[in-house]
Amino acid sequence: MQGKVNKMNIPLDLLSGVLSFLFTILILSYLIGDNPLFRIATYLFVGIASGYVATVIWWQVLVPRLMTPLLPALNSDSLALKIFVLVPWLGMAFILMKISPRLSGIASLTMAFLVGAGAAVIIAGAVTGTLIPQFEATINFFDRDLAAARNIDFLEVAGNGAIILAGAVTSLVYFHFGARPQADGSMRRFGLIEIIAWVGRIFIGITLGAIFAGVYAAALTALIERISSIFDFITLLRTTFGL
Amino acid sequence: MEIIKCPSCGENNTSDMEFCQNCQARLQPLTGPLKGEDKAIKPGQIPTNKSTAELEPLLPKWLKDARDSARTGEEEKPAQTSSANQMPAQQAAPKKPSAPAGDFLSGLQAQSGDDEDDEVPDWLASITGDTSKPKSAAEETTDTRWVEMGNRNDYAQEDAAADADTPSWLAGLQPLEPHTEEKDELTDWFRTAAEEQKPSYQDPAPIFESPVEQMPPAKPVDDTPDWLRQMAADAEAKLEPVQADVYQDAPEFSLDAPDWLSNLGGAAMESKPESAQPVKQQESTEFPLETPDWLSSLGSVEIESKPEPAQPVEIPLETPDWLSSLGGAEAAQMSEEESVVFAESSLAGSEAEEIPSFDIPDWMKSSADDAKPLQDTTPRWLREESNLAGEPEVPAWLSGTGSFELSSEKAEETPAQSEDSEGIPAWLKAAEPHHFIEETPAAEVGPLQTPSAEEERSRPFNAEPPAFEADPTATEDLFTEMPSWLSDAMEQPSSSTPTAITNTDALSPSELPSWVQAMRPVDASASQPASLSSDQTLESRGALAGLQGVLPAVPGYMPTSKPKAYSIKLTASDEQLAHAEILEQILAAETAPVPLEVFSNLRASRSLRWLISALLLIGTILTVSLRTQIFASPSGVPNEMRNLLFISQSIPDNAPILVAMDYEPSRAGEMQAAAAPLLDNLMLLRAPRLTFIATNETGAILAERLMAGPLAVHNYTDRVSYLNLGYLPGGQLGIRAFAQSPTLAAPLDISLQPAWETPPLEGVIALNQFAAMILITDNAEAARIWIEQTQELRGTMPFIIISSAQAAPMIQPYYNSAQVTGIIPGLQGGAVFEQYNASRPGTARSYWDAYSLGMLLAVVLVFGGGLWSLISGMRERANAGEGK
Amino acid sequence: MRIITAVIAIATGTLILLGYFFEAFTDIQTLLLNWAVILAGVAAIVGIFNLIAVHADKIRRAEKGSVYSALLLIGLVGTLLVGMLLTPRHPVMQLLLNGIILPVEAALMALLAVSLLYAAIRLLRRRTDVMGIVFLLTAIILFLGSATLPFGDMPLFGTLIHPWVTQIWALGGARGILIGVALGTLTTGLRVLFGVDRPYGGN
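Protein chains in written order, with the numbering used here: chain A, 1 to 243; chain B, 1 to 884; chain C, 1 to 203.
Chain A with its partners taken away, still in its complex shape (with noise of 0.2 Å):
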């Protein structure tokens, strides 16, 4: 039985392998130059990806959240039950009508009901999860209570701090696009905003350079672990058929 399940697994893996070397060289074939291969494999990947999330929302929610419950909730006597299952069902309808042009319009009511959700969620999110904790984190610098209790330094936490506030403080006016016309015609932001807004650049600038590093560095490790995939490969096919 083991030994079954290996001689299966060993042609899935080598098929994997296969397929991922092949789709692995006709991606880096991009290097050299566009070309048909390139297409072919972007073109089949986007499908084959599109199939497979297909899939999963056939499997992950459509059955279980939809199909699964109908016949229990349509036998079911309780009401409310019938109007959880039944309500999705409805929204369903209406968003499948977009496929329609004709009757795009009714799918607006599902899509009304998203956005109200979403904006909901993010209006909360935003205010418990991101404003007050980072306003609250940016003041902490400056707490010497705080920075006793942690057993640090104030001085060195107070001038972290200081850069940090600056750095967010400044950003925040660089996205500060109002402006006044000049005598000249041109738009200028006023004075001291203009300069608050040039040190914001900098922060800006070196942030953008740690997420540049950053994706690099995941792009870089991608490379790698195509590189490593195939020499694995590589290895399989020795291993596999005695090379």
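Bear in mind the hints are in silico, worked out from the structure with no lab data behind them. Since we're looking at a predicted model, the values are computed, not measured. Heads up, the beta-carbon is just placed ideally off N, CA and C, and yes, glycines get one too. Some hints could be false.
If we take Cβ atoms under 8 Å as the criterion, some of the chain A residues that face chain B in the derived model are [unchecked claim]: (1) V63; (2) Q134; (3) A137.
Once you have looked at the hints, place chains B and C on chain A.
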């Protein structure tokens, strides 16, 4: 209290009585107020003089001119008025209170003195004898007068008998008293016309025999209206050199005998709007011998009806009485009316031909605007009363003069033609050229004599065969050409039973403003707004001379010649051809392919790209293929990882841990390398029950891949030691739902089996019941959402984020704010953590040499390439600046 | 319709928002959120249908590149059929993920490394300003701090400058950006709840 004799029965009535107490005939004119557009004129309402000076600009030019000339001529024509006082002077005496009643021009005399500057029309000026003379400065009363051309006293008649018996419209035509200084010239020329008509009666036109014969013998008395007399005189003067034809004789007949009136056979007439006297009164025996036959033959029916057939009883009171009375014509008198129509038409036509166009008031011209004299002789404002088709489309009461052109030159050159009757009614005959009036002294104007049929036959013009007389079928044709207002009058059912209007309430009020109604001779007020339209062009020539806005076309709009034919072949000069050639060259230069200046840059960029690719691939392939571990693992522990190194100490054994998967397959290598050390450490030390939930579609399978990959050594079993809840849709909505109620948001696992009764989730129904929460994500936005939506629900449990290196900078603030317990940033974090994971080998270490090499390569390339780019860029900008 | 959709959006948002702060609205919040979760999944299906329609139309019109569209549809339909017959957890589906999806995405990500370096090199050629220089200097510092040498961490950069830049200087800018994003989302959400913005359409 003055006494008014009933024109119908002769009964004396007090002047304040409206109707005769004996026969109920109307004694007072039917008029209405001049002002108050919102008020309709009601029967029996005595009009009051209104100040309508502000309305003066709205008047037709001819009317304004007439008014001006009337004032001007008041001082100029005393002699004429004194000599033409054949009409009883006392006739006007009792009518004075009622005479000023609102006729269709009543109240206009009250205009301001500025109106005196208005230009006097030539024809009016010629009538008065002098157009350049200043108008009389005498104050004019606001009393209404007929045609608004004379003072109220102008109507004073010398003959007291005629005062009572003569119809008011004739009374208004009586010669003015000699002492009257404020008289209007029009009365004079009316009178003159009457005098001039005298000889014409002696030359009866044979073509009008039939109608004339039916008329009673006319008595040439002085009470004949002046204008009739003048018409007669004019006709006589003009007919002599004229060849007799159908139209030539018409003026003669029309001079004194409006046969169309005389043949009405008892139809009551009220020639003046203000004259409410029934026709019977006109037909009274007190009418002297001079009374024309047509007056004598007027029916005894007293009717005051509007010519509109649909409203036989509800007659607009502003309608001239003489016209309104036509509505009482008997249907049996149709044959007579046909003759009348013919007579009137031919007369009008001839008169119109005689009168130069600039002299004829437009509303008079309108009656003769068509080539068919009998069709269009009736003024439009009269013809509109009928339903006859083919009427000229001209302002109603001004009657389609647009197509009729009368030039003075033509009239002078062809005097014979000027005699042709084109249909101007006899009562319009007064509009003859002024020279006729001037040439005829007032003293020579004899009493108006109505010619008998014999006399008419004896006229020299009878030598010419009368066209219409010879045609026995003309009667039928004439009927078709009869003025519509006459046709309507005959068709009016009520006209057959003319009765005196005794009940004023039966009359429906008109909706037209009284001043407009007062200005119109008949129901043609609809044409008046035409002059009020936006097109206020004042017609200076033709039949519409003096009118505003009646012709919408711009002067010169109509093409006068055939459009010029233009060749479609392009003819260009040499200069134009040269310019076209230059333009072609410019366009060719714009569209020609230009060798790309940046082509070398593209080749250079491709070389650079290949160079970068080659360096990265070579370094990675070498380090990976050789499995080198040249570069040391990172020893420095970032602050965000310090708490994680000992996280296993704060988690109890076999504790439920929630692992949220939110990264794409593209980062699977990095994320597995970063997450595996921590999870391996935990599984090794605490054997936690792992529960995976994914917030992207591939997360659930990536979790399976993770468990089946680097963590497979722990032999965790699905639904026993770990559970995969699968995909949680909805993004932040799903995260919030799951944080709020995990059991409701994700009741089933990835195999669609109930999840919350499985061992991995034993004792867990809420988020904060997990021992720890680990988020594996490559997206800072996903991390923010997880942090935000679980902020107050996760309690104090450790919240660890294993992030991609690209997301770590944006998650740092949350670690700084203590919302996140620790962060493992990508491969570097995994490499660090591996060193604290019991020295277990990991993926991160296998990647690290290539990673470090790639980082150093990036430093070299970015730094060196950046400097090169900076210098080259500055050089290019400097060259560009020098070039400029 | 516009009024109805606005009422739905505002009412839904208000009820869910109240659930954050008041215990009494927690249940209704949970109910609405679970409905929203289901409908969000359905909305994703609609997106896939749209993708099918677009590429099917391309094939129907025989436009340039319709062969690639055919490949896309073949892959999509095939995967969907297989996935509906099996389950995402089936080895065949895992094969598709591990053999095609993951390698392609990772390879595309790998290409990004080359593109990023190329862009960084060319940056100062076109834009020589403070922000660009600071951007590149920060990147170089972090590159150095992330790498190690055979004998250990990069001196000064790996142990001092890298943490100081990432945890202090970059943190300041990141916090400013986060607060700005939070304020933006807050404003957007409020505009939706007040009915000023109606991104859901409706006639």
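Hint check results:
no., hint, in the structure
1, V63, "holds, 7 Å"
2, Q134, "holds, 6 Å"
3, A137, "holds, 3 Å"
Checked against the numbered hints above, the structure violates none of them.
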